[in-house]
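**Q** Protein chains in written order, with our numbering: chain A, 1 to 572; chain B, 1 to 227; chain C, 1 to 209.
Source of the hints: derived by calculation from the structure; they are not laboratory data. Positions of the beta carbon are idealized from the N, C-alpha and C atoms, including for glycine. Hints are not guaranteed to be accurate.
So the derived list for chain B, only partly shown, Cβ under 7 Å to chain C, looks like this [to be verified]: (1) Leu87; (2) Val160; (3) Ala166; (4) Val170.
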Amino acid sequence: MAILHFANLTYSYPHTPKPALKDLSLSVEPGELVAIAGRNGSGKSTLCYALTGFIPHFFQGQWEGDTWIAGKRVVDATLAELAPIAGLVFQSPANQLSHTKPTVYEELAFGLENLGIEPTEMRDRIDAILHALDIAALATRSPLTLSGGEQQRVAIAAILVMQPRILVLDEPTTQLDPQGADAIFFLLSQLCQQGTTIIVATHDLEAIARYATRVLLLQAGQVYRDGAPQAVLADESLEDCGVGYTVYTQVSKQAQAAGILPSNQPLPVTLEGAIAQFQTARRLPKPIHNSERHTKRGSGETPIIRFESVSFAYPHQNPVLQGVDLTLAPGEQVALLGRNGVGKTTLVKHLNGLLRPTEGTVWIGDRATHHHTTAQLARQVGYVFQNPNDQLFCGTVAAEVAFGLRNLGVSRTAIEKRVEEALDSLDLIAFAEANPYDLSLPWRKLIACACVLAMQPAVVVLDEPTIGLDAQQIQILSTALTQLRQQGTALVLISHNSDFVVQHCDRLLLLQNGTIRLDGSASHVLRHAKQLTHAGVRLPQVTRLGMGLGLEAIATPEALLAAYDETFRKAL
Amino acid sequence: MVDYGWATGIFLGVLLPWSAWLGVLRPVLQRVVWVIAPLALFLIPIHSFFHPGTTVLLTIGHFTLTQEGLAYAYLILSRLAVLASALLAFSLSTTPAELATTLTQQGVSPAFTYLLISPFQLIPEVRTKAATILAAQQARGMETAGNLWQRSRALVPLVVPLVLGALVDVEERAMALEARAFRAQGYKTSLVQIPDSVAQRWFRWGLFGFTVAFVGWSQWQFFTSRI
Amino acid sequence: MRFSERLKRDFSTTTLTLIPLAIVLNLVLGQTISLLKLPIFLDSIGSVLVAILSGPWAAAVTGLLTNLIGGVINPFFPAFAPVAIVVGLVAGFCAKVGWFRAWWKVTLTGLLLGLTAALVATPIRVLVFGGVTGSGSSFFIAYLLATGSAMVQSVFAVTVLTNVLDKVITALIAWVIVLRLSRRYISRFPRAENVLALENAPTNEEVVR
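Hey, can you work out the whole structure from these sequences and the hints?
**A** Here you go:
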């Protein structure tokens, strides 16, 4: 019998005219690992809440239909009854801590204490979970001192210890680094094999393709496609649903169009699938045009940013940066790579004087950051922080974008024009008069970008700009960044999304142990695949596909096809 | 008239030995001095000169320093020393987690315990967030120095994101609590057991009785002295 | 609605998660804005928010706990718990009668909060602290005493002066913040009706400038 059974569920949040879920029917068998995909706002989170009984028990609003969780009719059960059966894990690790327990061990007991489980059984269960999730080493640490990835594992453990039959996760890896994300998905597949039913909403298509047994593609609150990952992720309508394809599928699509791959085969969705298709392709390829990008990197120009043997340490702590030398030409596009906590954010905070070097000098144009306030440097360097909630405070999007311009003393008429341009470049014109907090977090992220772009700085710093964005929103951001490149604005990008990185940056920097270990063009740096992987960088999908075919340091789909083409012809 | 010796006696005879027994004598003394000293700086001159009294000790211009005034300042300061040292001895020797466990074991509702304990762990998180917001707004060209008007303009951009951010987190935090059966009805258990002997229980009741008796007695003294 | 039912609704899980954050805001915001060197401390903004969103009783609990927990930082803080409780209650009842629905009503609420806070704080300051709480305001009290004012009047005058501006700004900021929340979000709170009846929200221009 199905463990989750939903019949014709229609639900609207209070004070919202449009239903978030429309006539949704769904049946999940025990032991499935179901991924929920869809653009932001398609109802992924809402479905997660419905699958755990939070709809209708926690949220008010209009509710219709018949839903059953593990043989219990949801309307007749209470949330406290459903919680131990269907556990829910959220995106933000810190929000899930009880904030009342001094150690991870006691944190895990929180739910069991609420259920009135006896201490001896509690200890047995907690020990088992610590072992199963490989977090025994964290047991005596304070939950507050853990990294995001560790906290998320503890959050999952805290739910699993209640022994739910169903585990629902709403974008559990969005805020984690690649290693943290991989570990979580691996864990989920193991749990699934042990019999727990798992539902996970995520934008990580590669993980879906690898681990899920089934994908639900949501569109406007309805199940648009429902099937095996191989079928759904290669579906023609995927892009209309705001999801996009994995790079493996994209490259294969391009290859089919160019006649390199036979067009009668189903598109691959995984790395292995793509490698297999390329290896067995027998048709002679047509030569394709290789479009190398032109870099505006002038060697004679005065650098816009110059680090002179910069070292930095927080008071009474080990140095974060040690003797960093770095120059950035106007209009150059650079990415900072490296593990979380390696000092990427510390480095970029030197660009606008938020931090000042303990040794050495940072020059912005001809100004040393030592002698200028951050507010003064804001004309030159625009910095988009990771969390838009840390800066948005106005009642409308337009006023928010105008705030920075008013600080710069831009005239009233010029402000209007620049606000409109900035909003237009990020496809936000329709939201100009909207309240930022009426929009969802990913849109607020784009608003925060618009705020900085409007200030027209010479350098734009973006800290993890793609987190939580869906494929369509990433596309909007991409277009805006391409515009910046054309205007000759320099870009410093911090991102774990390495396919996005190689798409926009000609130059990559690898930060490790407080120094810059690798510095060069994308194709140069990607040659050091082992070192990058070791330093916590997930290689771009396109690079990995290249490596699978024996091609080194591939940074773009075009380069891959060109190189493949060439070696293929040589082989003939 | 209330006996001036009581507060001094309790401070020296009970609270300081108790702090020493708890092993927090040094920090308690340091912090008592730290909070009392600035008050003394104002209390002593203000009351010495302005408290009504007849025993004149000194005259400066048309201000007179009286013995009654000086005594009153001492009374206030010694009472404050009792208040401060008692609270400090408690807060320096008890961790929030121990307090939480004890309260739960004594049958206090987990909801109240949550309200009392979770702020301690949230304070560092909110402080970090406040620092990030300051940085983010400065990066947008906001100045935090200047004349009163310029500084006031920075108030809303600093305060609103911090408070809004906290409010926006409330929903997810509430759901996370529900997901861990926080509002489940019925019997609750506790992983950590804090030992509680019969002697300790009697001692607590004894202290409670003493406090009630002492307050009653001092009130009675107060009213009979007026009649 | 019976009082016990009202309380049960007021202290929903959402309120229970709101209160600790409000307590922390009460305790931390003052330090955050101290670099602006303004004559305000915003140490009851969390309580006022709770008052608007979850009613007077939850706000009173927020005030009480703020001052108890603040005792770990400053042992004299708990002595002012009655002030914090009253501020929470008054703000909650003001919200209930619709005093958080237009900027001038909010200003009046702030004035009322400042006055009641001073009324409750004065006896505590006089009886427990001998009229002195350190800092610059003590100079002013000394001056008033020297010019012949009585202790209670001097302390009340100073307390009113320092409190009214702070509470008016606190109330206005709290109101602006609640307006920023989406309607769907406000409806999660037990006293959503305090704000959701508000149809003519001010435009951003009025609020920010």
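**Q** Each hint should be assessed against the structure and marked as holding or not.
**A** Results for each hint:
no., hint, in the structure
1, Leu87, "holds, 4 Å"
2, Val160, "holds, 6 Å"
3, Ala166, "holds, 4 Å"
4, Val170, "holds, 5 Å"
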